[in-house]
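*Asks:* Whenever a hint applies, use it, and build me the whole structure from the sequences.
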Amino acid sequence: MAVPVVAVALWILGFRGADPRNMGALGLLTLFTPLTVVALVLLLGGFLASLYLRRSEWVLATYLVTYVALMHGTPPVLYDTLRYAWAYKHVGIVDYVMRNGSVDPGIEAGQIYHNWPGFFTGGALLTELSGQPDTLGIASWAPVAFNLLNLVVLRFVFRGLTRNRTVIWLGLMFFLLINWVGQDYYSPQAVAYVLYLGLIGVMLRRMPRRAMIWPFVVIVAAIAASHQITPMMMLLAIFALIALRRTKGWYLPLVAGAITAGWALTGALDYTLPNLMDLVSEFGHVVGNADQTLEKSSGQTSQADLQVVWGGRFTVAVSVLASLIGVWRHRTTGGLLLTATTLMVLPGVLVLTTGFGGEVLFRAFLFAAPFIAILAAQACMPREGRGFPVRGLVTAAVIMAMVIPGFLLGYYGKERENYFTPQEVEASRWVYTHAAPKSLLVEGSTNYPGRFIDYDKFTYVPLDREPEDSTAEMLADPAAKLARWFADPKYADAYVMFTRGQKLAVDNGEAMPPGSLDRIEESLRRSKDFKIVFQSRDAIVFTLSDDGAAR
1 MAVPVVAVAL WILGFRGADP RNMGALGLLT LFTPLTVVAL VLLLGGFLAS LYLRRSEWVL
61 ATYLVTYVAL MHGTPPVLYD TLRYAWAYKH VGIVDYVMRN GSVDPGIEAG QIYHNWPGFF
121 TGGALLTELS GQPDTLGIAS WAPVAFNLLN LVVLRFVFRG LTRNRTVIWL GLMFFLLINW
181 VGQDYYSPQA VAYVLYLGLI GVMLRRMPRR AMIWPFVVIV AAIAASHQIT PMMMLLAIFA
241 LIALRRTKGW YLPLVAGAIT AGWALTGALD YTLPNLMDLV SEFGHVVGNA DQTLEKSSGQ
301 TSQADLQVVW GGRFTVAVSV LASLIGVWRH RTTGGLLLTA TTLMVLPGVL VLTTGFGGEV
361 LFRAFLFAAP FIAILAAQAC MPREGRGFPV RGLVTAAVIM AMVIPGFLLG YYGKERENYF
421 TPQEVEASRW VYTHAAPKSL LVEGSTNYPG RFIDYDKFTY VPLDREPEDS TAEMLADPAA
481 KLARWFADPK YADAYVMFTR GQKLAVDNGE AMPPGSLDRI EESLRRSKDF KIVFQSRDAI
541 VFTLSDDGAA R
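Residue numbers (our numbering): 1 to 551.
Check each hint, because a few of them may be wrong.
Label-pair ranges, simulated between beta-carbon atoms [what the hints assert, rightly or not]:
1. 218 x 159: 17 to 23 angstroms
2. 338 x 218: 38 to 44 angstroms
3. 518 x 329: 17 to 23 angstroms
4. 394 x 163: 20 to 26 angstroms
5. 13 x 206: 46 to 52 angstroms
6. 13 x 394: 28 to 34 angstroms
7. 487 x 24: 50 to 56 angstroms
8. 148 x 218: 39 to 45 angstroms
9. 475 x 338: 54 to 60 angstroms
10. 163 x 349: 43 to 49 angstroms
11. 258 x 141: 18 to 24 angstroms
For the record, the hints were derived by calculation from the structure and aren't laboratory data. What you are looking at is a predicted structure, and each value in this text was computed from that prediction instead of being measured. Beta carbons: idealized from backbone N, C-alpha and C, even for Gly.
*Replies:* Written out as structure tokens, the structure reads:
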């Protein structure tokens with residue numbers, strides 16, 4: 001047990017004095033030192049040695065928990081702020097629920113969240129019970145919590161597939177090493193994912209129907225009220241497990257379908273009906289749906305961005321290849337392989353049904369990852385017997401060595417943009433607490449700690465999402481164009497905010513030329529129509545000056 005302790009000590013020493021502001025083009029990886037690399041190698045090597053020597057399960061669990069703590073606990077400790085812009089928006093929905101005591105399915109801003117509010121109402125309850133003034137602190141540690149929950153639930157799932165202790169624990173570690181998609185932040189997907197895996201675990205257990213039906217109904221209802229794409233995957237998995245006779249109850253798909261449709265046509269009706277045609281239009285367009293994801297990830301032009309994209313793809317390719325080898329080598333063993341292979345392949349059907357905002361391939365891999373992992377573990381096992389020979393140990397080490405660079409690139413490669421400084425958070429908080437309701441808030445981009453306080457009271461205009469002709473006008477004379485926007489009488493007040501994170505996103509994107517926000521900021525500084533109302537190292541906020549307001 002000394003190995004995890006030494007690994008933690010080396011990891012901490014490796015990051016001692018690290019400043020997240022100094023992250024380079026490859027994000028958090030640029031802050032790695034030889035000590036952090038040694039710590040990671042020591043931890044993974046110690047885990048494999050413990051598995052080979054058949055150490056007790058609590059020893060193996062200690063290695064996995066330590067890995068989660070290091071990998072997913074480092075950002076909240078190092079950053080001291082919540083990472084990832086979408087997490088702030090989710091905090092804002094929880095804030096709405098806490099202020100109003102309910103959601104508003106007909107609201108215009110963030111409507112989809114109000115129509116699937118399970119996660120947010122639960123988040124509001126947890127925040128109130130914790131006594132915290134807001135959800136930022138809880139959200140910062142969500143990746144650690146969700147990854148630990150994933151391990152607990154996945155062990156439950158894997159034990160329903162096999163009793164081979166080595167396969168179970170090696171599969172759990174492989175899962176941690178290949179799941180670079182990053183859907184473990186404070187989000188409905190993270191909760192729905194845990195519930196989805198829990199549902200599969202319940203269905204893989206041979207228990208009396210009466211004992212299973214209630215947990216089945218509760219989990220299905222929680223998923224149906226919390227997320228949009230997970231119910232699709234859930235229904236596919238239920239049908240598959242019934243068809244494979246891994247569980248009994250021909251009526252279970254009907255029950256799940258009725259609950260899912262019932263929510264879509266009641267609680268989510270305000271969103272379902274207006275957007276039904278969009279869903280229908282994407283059905284069956286496999287190439288188009290997949291292209292949405294490929295175009296979204298392939299639009300990167302810098303060398304670092306391409307490394308991040310191809311790092312993740314390489315990990316997917318290696319892990320899938322390892323899983324197929326596992327299937328081939330143990331093709332005569334039946335049960336585990338047939339069920340796991342089916343559950344691994346099924347997420348591909350999602351590509352047939354939706355593009356999911358350019359993320360369907362990411363989500364398909366997310367749902368397939370547990371079963372890719374356990375089948376890859378099978379590739380390390382002998383064809384006969386239950387041992388873990390040296391050959392299997394070497395195979396497992398090779399797979400780990402091949403997938404972890406891609407995991408680190410995919411998961412941490414964008415951290416320079418995902419990290420926000422305390423000054424950026426302070427700037428947003430200042431705006432939201434000083435702006436009058438019905439104010440116009442102009443943002444350089446949405447990549448900043450935005451919309452987490454009173455989000456529904458303002459109108460937001462991200463400059464990097466403006467039409468091409470509007471962007472051209474803005475860059476030609478920023479002060480004049482913004483002054484016209486600010487003078488619109490329908491707004492109680494107006495502010496424009498630029499932050500470090502916004503500038504990074506714009507400079508790394510394609511919507512505006514690099515340096516655009518700096519040019520606009522300089523124009524406003526020179527203009528007599530604008531004044532600075534907040535300024536720090538990483539953020540600046542302008543509003544109309546007395547001269548500008550008088551015109």
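*Asks:* Next, verify each hint and record whether it holds.
*Replies:* Comparing the hints with the structure gives:
1. 218 x 159: 17 to 23 angstroms: holds (21 angstroms)
2. 338 x 218: 38 to 44 angstroms: Violated, at about 28 angstroms.
3. 518 x 329: 17 to 23 angstroms: violated (57 angstroms)
4. 394 x 163: 20 to 26 angstroms: holds (24 angstroms)
5. 13 x 206: 46 to 52 angstroms: holds (49 angstroms)
6. 13 x 394: 28 to 34 angstroms: holds (30 angstroms)
7. 487 x 24: 50 to 56 angstroms: Violated, since residue 487 and residue 24 (Cβ atoms, about 42 angstroms apart) do not stay within the stated range.
8. 148 x 218: 39 to 45 angstroms: For residue 148 and residue 218 the Cβ distance comes to about 21 angstroms; the hint is violated.
9. 475 x 338: 54 to 60 angstroms: holds (59 angstroms)
10. 163 x 349: 43 to 49 angstroms: Between residue 163 and residue 349, where Cβ atoms are some 30 angstroms apart, the hint is violated.
11. 258 x 141: 18 to 24 angstroms: Since the Cβ atoms of residue 258 and residue 141 sit about 36 angstroms apart, the hinted range of 18 to 24 angstroms is violated.
Figure legend: structure checked against the earlier numbered hints; hints not met, in rising order: 2, 3, 7, 8, 10, 11.
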